[in-house]
Amino acid sequence: MTQPEILHYAVSVVGKDRPGIVAAISEGLFNLGCNIADSSCTMLGGEFAMILIISLKKPFSKSRLVEELKPVCDKIGMSLGVRTLHSDEVDRQGIDGEICMISVYGADQPGIVYRVTRELAARNINITDLNTKLIGTEEEPVYVMMLEVALPDGVTAEMVEHTLADLKKELNVEIGVRVITPVAF
Amino acid sequence: MPVQPILRYPHPVLKKLCHRVEQIDQKIHELIQDLVDTMLDGPGSVGVAAPQIGVTLRVCVVDVSKNRHGKENNHGLLCMINPEITARSGSATMREGCMSVPDYTGDVDRATDITLRFSEPDGTLREIDASGFEAVAIQHEMDHLDGVLFLDRVTSIKTGLFRRKNY
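As you go down the protein sequences, you meet chains A and B in turn. Numbering-wise (this note's numbering), the first sequence opens with residue 1 and increments by one. Numbering-wise (this note's numbering), the second sequence opens with residue 1001 and increments by one.
Derived by calculation from the structure, the hints in this document are not laboratory data. No residue lacks a Cβ here, since even glycine has one placed at the ideal position from N, Cα and C. Mixed in with the good hints there might be a few duds.
[Said to hold, decoys possible] Stretch by stretch, here's where chain A covers chain B in the computed footprint (C-beta under 8 Å, at least three residues): (1) 1023-1032; (2) 1044-1055; (3) 1089-1099.
[To be verified] Some, not all, of what chain A presents toward chain B, calculated at C-beta under 7 Å: (4) Gly-176; (5) Ile-180; (6) Pro-182; (7) Phe-185.
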C-alpha cells in the first residue's frame, strides 16, 4: 500500500490582539484533522499575527480549509490567508551557511529597512528572520531592526559589515554584524 | 572501542537523573573510551555525556580544542567523572543545539566562568577553572547528567528556524 500523500498549506491570520485567538484557530484546525508543523505567531503593535505551516493527509482541498476557518476568523475579527504549498516547497533544503545577527538602530528616517535589505539581496544574503520596532520618544524616535540572515558560501560576517559600512555613514545609524551560527553540543 | 549511536529525544534515558560513579573500574574506563570515540566521530562534536549513549552514570567528556570558539582557551580533553560545579559567575547567551535534539536550536544563558571538580579516570580529584566556550560546553554536558536538555533552558522564542531539512 502506498502512503497517502501529505498536503501542506501556509496559513496566515492577522487581526486585533485579544486572548483566545490561538485557541480559536487551533481548535478549527484540530477539528479538521490538520497538523500544525512550523509556526510563528507574534504581537505587533496591537495586532496579533499568526503564520502556520499546516499539513494533512489527502483527500483535502484549500476550499474546504477556508470554509472551516473563515467563520472562525470572522467571529473574532481576524483576516485569513491560505496558500497551497507545492511538494518542492515543502522539501526545501536546510540552511548550511553561516548564520548572522545584524542589528541596525538609529534616528528614525524613511528607508532604513529598504536600504539595508537591498544591500543584502544584492549579495544573495537570505533573511531568515526580521523584526523592527519604533522606540524612543515622539521628539526623538529611534528605529531598531534586527535581522537574522544566512550567508551564502564564501561570504563572511566581516564582508557583510564592510558592505554595510557606507550605508552606516550615510544614514548615520549603528550597524553591527555578529555570527550566531548555532553550536551542536 | 566502538563508536556508540547518540540517543535522540524522546528516548527516556535523556530525561533521567544519572547515578554517581561509586567505583572507577574497567567498565568506567570502557565507558569513557566509548564517549571519547563517539565524540570524535560526531562532526564538530565538542562533548558527549553518558546518557546520550544510554548510560545513566555521571560521566561526560568535553574537548573544545579543535573548535573555532574554543581553540584559544581550553583544557584539552576533559574526561569527567562525577563532575560538580562549585562556583559560577558571569552570564552570556549562546545559540545552542544538541546531537540528541536534531534540527532545533535555541538561545541559552549560561555562566561564563565556572570552577568545577571531578575525578579523573585514574581516580585523582581535579579542580579547574573554565571560561568562555569551554565553560558553556561543560555546563551543557553536565546538564545531561541531570536529565536537563537545552530545550529546558531556552530564553528566547525567536528560534528554531534553522537547519531544518524539511517539514
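To see whether the hints hold, each was checked on the structure:
no.: 1; hint: 1023-1032; result: violated (count 0)
no.: 2; hint: 1044-1055; result: holds (count 4)
no.: 3; hint: 1089-1099; result: holds (count 6)
no.: 4; hint: Gly-176; result: 15 Å, violated
no.: 5; hint: Ile-180; result: 5 Å, holds
no.: 6; hint: Pro-182; result: 4 Å, holds
no.: 7; hint: Phe-185; result: 4 Å, holds
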